[in-house]
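2 protein chains.
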Amino acid sequence: MIKKIGEYTMQFESTPSITGYGAVAGKKESEGPLGSCFDKIFYDAHAGQDSWEKAESTLQKEALSIALGKANRKPEDISYIFAGDLLNQCISSSYGLRDFNIPYLGQYGACSTMAQSLIMAAVMVESGGAQCSACVTSSHFCSAERQYRFPLEYGGQRTPTAQWTVTGAGSCIIENAKGNYPKVAYATVGKIVDMGVKDANNMGAAMAPAAAQTISNFLSDTNTSPSDYDMIFTGDLGKVGSDLLYQLLDEKKYNIRDNHRDCGLLIFDCEKQDVHAGGSGCGCAASVFCSAILNKMKNGELKNILLIATGALMSPTSTQQGESIPSVAHLVNIVI
Amino acid sequence: MIKKIGEYTMQFESTPSITGYGAVAGKKESEGPLGSCFDKIFYDAHAGQDSWEKAESTLQKEALSIALGKANRKPEDISYIFAGDLLNQCISSSYGLRDFNIPYLGQYGACSTMAQSLIMAAVMVESGGAQCSACVTSSHFCSAERQYRFPLEYGGQRTPTAQWTVTGAGSCIIENAKGNYPKVAYATVGKIVDMGVKDANNMGAAMAPAAAQTISNFLSDTNTSPSDYDMIFTGDLGKVGSDLLYQLLDEKKYNIRDNHRDCGLLIFDCEKQDVHAGGSGCGCAASVFCSAILNKMKNGELKNILLIATGALMSPTSTQQGESIPSVAHLVNIVI
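In order, the protein sequence lines correspond to chains A and B.
Numbered as in this note's numbering, the first sequence ends at 336 without a single skipped number.
Numbered as in this note's numbering, the second sequence ends at 336 without a single skipped number.
Keep in mind the hints are simulated off the structure, nothing from the lab.
The model shown is predicted, which means the values in this text are computed figures rather than measured ones.
Be aware that one or more of the hints could be misleading.
Repeated chains share a single entry, so a pair holds when one copy, or any two copies, can fit it.
Computed cross-link-like contacts, DSSO-like style, restricted to lysine-lysine with a CA-CA straight-line distance of at most 27 Å [what the hints assert, rightly or not]:
| id | residue 1 | residue 2 |
| --- | --- | --- |
| 1 | LYS28 | LYS74 |
| 2 | LYS4 | LYS70 |
| 3 | LYS272 | LYS178 |
| 4 | LYS253 | LYS178 |
| 5 | LYS40 | LYS4 |
| 6 | LYS272 | LYS3 |
| 7 | LYS252 | LYS272 |
| 8 | LYS253 | LYS272 |
| 9 | LYS74 | LYS272 |
| 10 | LYS3 | LYS28 |
| 11 | LYS3 | LYS74 |
| 12 | LYS239 | LYS296 |
| 13 | LYS198 | LYS70 |
| 14 | LYS27 | LYS252 |
| 15 | LYS198 | LYS74 |
| 16 | LYS178 | LYS252 |
| 17 | LYS303 | LYS198 |
| 18 | LYS28 | LYS239 |
| 19 | LYS74 | LYS4 |
| 20 | LYS198 | LYS296 |
| 21 | LYS253 | LYS27 |
| 22 | LYS27 | LYS70 |
| 23 | LYS4 | LYS28 |
| 24 | LYS27 | LYS4 |
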């Protein structure tokens with residue numbers, strides 16, 4: 001059973017285990033600081049498919065297959081899969097997963113989807129509804145650019161606050177298991193926060209207030225402080241969003257500067273790789289968490305971490321209609 | 001705790017109650033056979049807003065507010081809200097719900113979203129993660145047409161198999177409560193089914209195989225037959241999809257003709273209202289379930305029903321790329 005702690009936090013009494021995980025990424029990501037951590041690199045942006053959307057589906061398939069393999073599980077062992085992505089109607093997920101024949105629950109939390117799917121997969125195991133569940137999310141630079149911004153061929157200039165959508169996917173298998181596995185201990189689901197930011201090229205600024213709210217809710221609910229965790233990872237706030245997060249948490253007397261890292265800043269060398277404010281996309285938190293972060297937990301370098309994935313819940317239509325950007329951030333505490 | 005029954009079905013041991021529900025609809029829906037059942041009618045397609053998308057958000061707000069009122073609950077009593085819609089990046093939900101300040105978990109199951117959100121809200125209560133959770137989904141004819149098909153001003157002709165997107169929304173409040181409430185007893189989550197249908201103007205045909213699979217999985221898991229239920233409601237298969245569903249279930253030796261109704265055929269008088277094969281959209285199953293169906297359960301006319309909401313998981317992009325339509329169907333068994 002789940003125990004509610006404070007106002008917003010769930011404690012997983014049986015601490016569901018991540019028995020398998022997999023991450024795949026694209027060529028640019030392979031040239032970044034985490035290049036050697038991914039299970040598989042797709043050097044071809046099309047991944048052998050005839051469209052970028054199908055390529056993104058292929059990333060999901062591969063990430064899930066790798067995670068299944070490491071968990072020594074087959075698709076038929078998985079009771080439910082929670083998946084989502086950034087494309088309209090989440091087609092990377094529906095087309096990527098249709099051949100696996102696993103009961104499917106589509107999730108939409110924009111770039112927060114990895115944390116959301118992890119939480120839902122853990123809830124399903126903890127509730128008794130699943131013996132074993134899975135989650136997977138993805139993003140692809142080319143499919144995201146053409147859908148959210150400009151046709152790639154147009155070669156539009158990017159603002160300094162813009163982030164670079166990661167081509168990548170990550171997947172986890174969650175089940176009750178004994179052994180030296182990373183486990184989901186606590187989770188805090190975020191509320192929608194909208195501070196009026198309207199610049200769709202500055203999503204770090206739009207999402208930072210949501211991250212600050214969820215982190216402070218979690219720390220307050222659990223009566224812990226940032227230094228109680230080996231590392232606090234945000235999904236894809238980038239440079240601008242990370243700086244804002246520090247300032248917003250200062251106001252609540254929390255200082256996370258010493259042990260905070262942002263997946264969007266870990267996956268790329270921002271200056272050398274010309275990605276401006278950092279990486280972004282569902283695949284950013286997913287591919288970094290399901291490679292570098294979980295690897296460090298497995299080998300004992302990290303024992304108790306927070307992952308806070310943030311999502312900007314706007315669409316090109318809402319931006320064109322002059323709306324501001326509602327955001328959300330979900331937190332999971334993983335221990336080993 | 002949830003108990004797994006057979007291969008695919010969850011039994012909710014504490015049978016979470018639907019303590020409040022609300023449904024709103026548009027002018028055309030008010031002129032249909034269920035016109036008097038809805039809690040509120042929006043006669044203006046803009047619902048007082050300056051875009052159809054914002055109008056759809058308004059439908060969600062109203063449906064949720066009505067459900068909260070009937071359950072005698074305030075937004076701060078709700079631990080989690082599960083919501084989704086058909087618009088790109090689910091903006092009806094994110095913009096509609098941002099002011100409620102409720103931890104938010106976006107769901108995407110296309111027109112199956114009402115059943116999916118009900119299931120997730122019930123799982124969250126059953127797991128102990130929430131004392132009280134909510135779900136809401138919507139669709140709007142005008143926002144859906146312009147996004148999925150043609151600009152309304154174009155006046156494109158519709159094929160005989162086409163369905164008419166319902167302007168409406170429905171919301172439920174779920175909690176453990178004693179009393180004469182409709183309760184979630186069982187649920188079956190569907191797999192993605194794709195039989196190769198490529199005609200985006202014949203979604204009933206695309207979705208019927210998913211409905212047939214989920215219904216037969218449920219009946220087989222629970223060792224029950226269609227006649228054990230007072231009524232079996234599908235979400236929005238329309239005429240074409242309903243006929244196909246009968247044929248597909250015949251092959252599995254299940255005959256549901258006597259006690260099957262489709263929400264898409266209940267909400268409109270297809271001939272008089274010129275809606276061709278029937279209604280569709282997330283708001284179809286949602287507004288019919290959260291009005292006529294739950295009303296009949298509350299007054300004792302129906303005691304044990306199945307709701308199977310079906311979703312077509314394609315997008316205009318996947319259709320343009322020549323892809324077939326993957327579909328999914330989720331089932332909930334509601335008793336009183």
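**Message:** When Cα atoms must be at most 27 Å apart, do LYS4 and LYS28 count as within-copy, between-copy, both, or neither?
**Reply:** The answer is neither: 42 Å in one copy and 44 Å across copies each exceed 27 Å.
**Request:** Could you figure out if LYS3 and LYS28 sit no more than 27 Å apart (CA to CA) within one copy, between two copies, both or neither?
**Result:** Classified as neither; 42 Å inside a copy, 46 Å across copies.
**Request:** Have a look at LYS253 and LYS272 and pick one of within, between, both or neither, based on CA distance no larger than 27 Å.
**Result:** neither (34 Å within a copy, 64 Å between copies)
**Homo-oligomer pair classification [LYS198, LYS303; C-alpha up to 27 Å]** = Neither: 38 Å inside a copy, 49 Å across copies.
**Request:** Since the copies are identical, ignore which copy is meant and state whether LYS3 and LYS74 lie within 27 Å (CA to CA) inside a copy, between copies, both or neither.
**Result:** between (31 Å within a copy, 22 Å between copies)
**Asked** Is it within, between, both or neither when you check LYS198 against LYS74 at 27 Å Cα-Cα?
**Response** neither (44 Å within a copy, 30 Å between copies)
**Asked** Taking 27 Å as the upper bound on the Cα-Cα distance, should LYS272 and LYS178 be classified as within, between, both, or neither?
**Response** neither (43 Å within a copy, 62 Å between copies)
**Request:** Check LYS253 against LYS178 for me: Cα-Cα at most 27 Å, and say if that holds within a copy, between copies, both or neither.
**Result:** neither (38 Å within a copy, 43 Å between copies)
**Request:** Indicate which option fits the pair LYS27, LYS4 if close means a Cα-Cα distance not exceeding 27 Å: within, between, both or neither.
**Result:** Result: close neither inside a copy nor across copies, 43 Å intra and 43 Å inter.
**Item:** Homo-oligomer pair classification [LYS70, LYS198; C-alpha up to 27 Å]
**Value:** neither (42 Å within a copy, 36 Å between copies)
**Asked** Between the shortest in-copy and the shortest cross-copy C-alpha distance, which are at most 27 Å for LYS239 and LYS296: within, between, both, or neither?
**Response** within (23 Å within a copy, 55 Å between copies)
**Prompt:** Checking LYS272 and LYS3: alpha-carbon separation at most 27 Å within a copy, between copies, both or neither?
**Reply:** neither (46 Å within a copy, 53 Å between copies)
Violation of the numbered hints given earlier is confined to hints 1, 3, 4, 5, 6, 7, 8, 9, 10, 13, 14, 15, 16, 17, 20, 21, 23 and 24; the remaining hints are satisfied by the structure.
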